[in-house]
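*Asks:* Listed below are the residues making up each chain.
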Amino acid sequence: MHIHDEAVERHVLAVTVDNEAGILAKITGLFTARGYNIDSLTVADISEDHAISRITIVTNGPPHVIDQIEAQLDRLVPVHNVVDLTEAGPHVQRELALVKVAGKGENRIEAMRLADVYRARVVDASTESFVFEITGSPEKIETFVTLMREIGLVEVGRTGVVGISRGPEAA
Amino acid sequence: MAEKSGADILVETLLDLDVDTVFGYPGGAVLPIYDALYEHPKINHILVRHEQAATHAAEGYARSTGKPGVVLVTSGPGATNAVTGITDALMDSIPMVVITGQVATNLIGTDAFQEADTVGITRHCTKHNYLVKKPSDLAPVVNEAFHIATHGRPGPVVIDIPKNVQVAAAEFNRHAAKPNNRYQPRTEGDFKAVNEAAEMIMSAKAPIFYTGGGIINSGPKASETLRELAKITGSPVTSTLMGLGAFPSDSEQWLGMLGMHGTFEANMAMNKADLVICLGARFDDRITGRIDAFSPNSKKIHVDIDRSSINKTIRVDRPIVGDVGRIMEQIIAVLKGRRFSAPGYEEWWARIKGWRATNCLEYPENKEEIMPQEAIAKLWEATHALEPIITTEVGQHQMWAAQHFGFDKPNKWLTSGGLGTMGYGLPAAIGAQLGNPDALVIDIAGEASIQMNIQELGTASQYRLPVKIFILNNEYMGMVRQWQELTYESRYSSSYSESLPDFVKLGESYGWTGIRIEKPSDLEAGVKQMIESDGPVIVDCRVAKLANCFPMIPSGAAHTEMLLTPKDVKGTMDDQAKALV
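Protein sequence lines, in the order shown, are assigned to chains B and U.
Under my numbering, read the first sequence as residues 1 to 171, first letter to last.
Under my numbering, read the second sequence as residues 1 to 581, first letter to last.
Be aware that a few hints might be false.
To be verified - Here are the computed lysine-lysine pairs in the DSS-like style, where the Cα-Cα straight-line distance is at most 25 Å:
id : chain 1 : residue 1 : chain 2 : residue 2
1  : U       : Lys-353   : U       : Lys-300
2  : U       : Lys-205   : U       : Lys-336
3  : U       : Lys-133   : B       : Lys-26
4  : U       : Lys-134   : B       : Lys-26
5  : U       : Lys-192   : U       : Lys-205
6  : U       : Lys-42    : U       : Lys-4
7  : U       : Lys-312   : B       : Lys-26
8  : U       : Lys-367   : U       : Lys-545
9  : U       : Lys-134   : U       : Lys-4
No lab work stands behind these hints: they were computed from the structure.
With these hints in hand, go ahead and build the complete structure from the sequences.
*Replies:* Have a look at this one:
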């Protein structure tokens with residue numbers, strides 16, 4: 001007997017929740033318990049009184065699973081709403097990464113040149129290393145990190161995606 | 001305003017919420033709450049013998065009365081023992097509030113004595129849960145917990161209360177303690193969707209109502225509404241295990257239960273229908289059989305209060321989210337507005353009558369031994385006029401009870417459907433008897449299941465509860481043995497009930513009446529003696545050892561591929577079927 005896998009789609013979900021103890025565990029636990037995937041997850045409180053947090057989850061799965069993920073999230077008591085940005089239409093996705101590169105001579109110059117092209121900022125420098133701060137789409141960061149790997153990548157930290165819909169309205 | 005201890009705030013809030021019965025077991029981390037209960041005799045505390053039984057008793061109470069069940073247990077093992085019943089309540093959508101003691105806040109995380117991460121452990125087997133960190137939060141939390149447990153799709157809510165929060169004092173203003181209403185599930189069906197569903201019903205040639213536990217949960221009125229809807233349309237009605245009793249079993253329109261051990265006519269009608277109207281059910285795997293062969297030619301309407309049930313396993317054409325009782329009323333209003341009259345469906349009913357003629361629930365006659373189906377039928381004959389509440393354990397006896405005991409009213413049939421918890425029936429019967437002191441409450445059991453919570457014989461004795469246990473004793477974990485016959489060429493691996501107790505003497509040692517029934521000729525008299533005994537009775541009914549439960553949709557098969565008799569059994573299955581539960 002063989003186990004078959006289905007074709008998957010990537011979706012970005014924006015989830016607004018009560019900022020209460022255990023809510024992150026509830027959400028991540030829901031994903032593991034039901035066998036859903038998390039590609040990235042970011043969370044921070046967003047309201048003046050710190051009572052509300054926004055969680056951006058990048059997930060992947062077949063369309064009927066994505067639909068289930070939204071329904072399952074939506075029925076958690078502390079969840080106010082779930083927006084599938086991928087489904088909702090035009091939206092912006094951004095991620096921030098800190099990229100540490102070490103090297104001397106030509107590699108050092110090349111690193112600076114590429115950083116310039118990718119609009120990465122130098123946030124720390126020593127005679128044999130740089131730390132770059134880069135923001136952009138996940139693809140742009142992926143490409144930059146791949147290039148730096150050839151030059152002398154030491155370490156990388158990424159925030160995961162935050163997303164928001166385009167235009168004047170809230171999604 | 002006067003300050004009160006956390007324990008007093010808790011108990012007074014429970015009283016404000018009209019809680020009259022609490023099932024529990026004391027221990028170190030709930031001693032302050034038990035002391036507060038000592039001062040409040042208006043709350044009837046039922047001391048069980050094991051915390052799992054407290055949760056099932058609360059379920060039995062809730063399902064038979066419609067009110068939420070309340071449980072009180074201590075930290076650590078008290079809470080972990082309750083987990084099975086909490087999960088059971090989640091799977092079967094039973095309203096329940098479980099209060100657990102916890103070690104003091106300053107000890108949390110230190111591996112203190114009887115510490116367990118209750119909120120962590122119960123996170124995914126509750127509808128919601130709380131750790132209360134200060135006594136002033138108690139009243140609003142308890143109020144919200146009851147609101148969540150009883151609104152939308154009902155379910156269990158856990159409130160974990162550290163011991164120092166029970167002792168510390170806070171101001172208690174009962175009027176300011178109302179929840180903030182952040183949980184307001186939709187009850188009314190979308191107007192357009194209801195209209196569309198009514199159109200689909202009006203144009204169907206072969207419709208079927210597939211009903212579930214949602215109708216029971218919606219309240220007794222929903223069962224009345226279902227009967228009206230069925231009358232207006234004249235179409236056949238089938239139900240899941242959870243929904244039995246919502247529609248009368250003696251109606252001509254009733255096809256019996258559907259699914260794995262459902263009737264041939266119900267399953268065939270589901271397969272051949274052109275419209276399936278699913279009311280408060282969730283297309284469980286025990287209902288659908290093989291998914292790609294499930295009701296292949298029908299349009300499907302799905303009414304459910306939980307949006308996540310829709311399109312979870314079966315794609316439907318017209319979902320309606322809301323309370324099933326209310327939505328049936330809305331559909332009826334549209335049908336009446338359009339002056340819809342039942343078209344008769346002559347051709348459809350003629351086909352159904354053909355399927356009915358197989359008499360799929362027939363069983364072989366046996367003069368020597370009691371057939372278990374016969375025992376259930378006799379039990380029904382002797383008791384149905386008394387409108388008994390029936391609970392069950394899990395296994396063959398449960399399915400035979402579902403097949404052969406006719407149910408006519410909601411809240412009379414209490415069984416563990418989703419989780420399939422052996423040991424459910426006796427504590428559930430205790431809870432049901434407490435909620436319905438004058439009712440005849442019978443736990444139909446198997447000799448294996450009953451042993452999983454047999455210690456509760458003592459609870460029934462202590463509170464003078466006249467519950468009856470009717471054991472179909474075949475000396476096997478019968479359903480396991482049946483599957484081993486179907487799938488593993490009758491290799492009976494660990495399915496024989498070795499070293500059974502003498503149930504009659506066991507019952508007598510707890511002050512129960514014990515009755516043994518061994519021959520078909522003794523069956524009627526034994527049942528009569530059970531009913532006529534005032535106190536609790538345990539009946540050890542010896543039945544044919546190798547009888548199996550038919551009809552059956554085997555693992556991985558379609559509704560049209562039912563095994564009707566033992567002759568259809570081949571004894572082996574391919575790996576694909578073996579891998580399904």
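*Asks:* Of the numbered hints stated previously, which ones are contradicted by the structure, given in increasing order?
*Replies:* none
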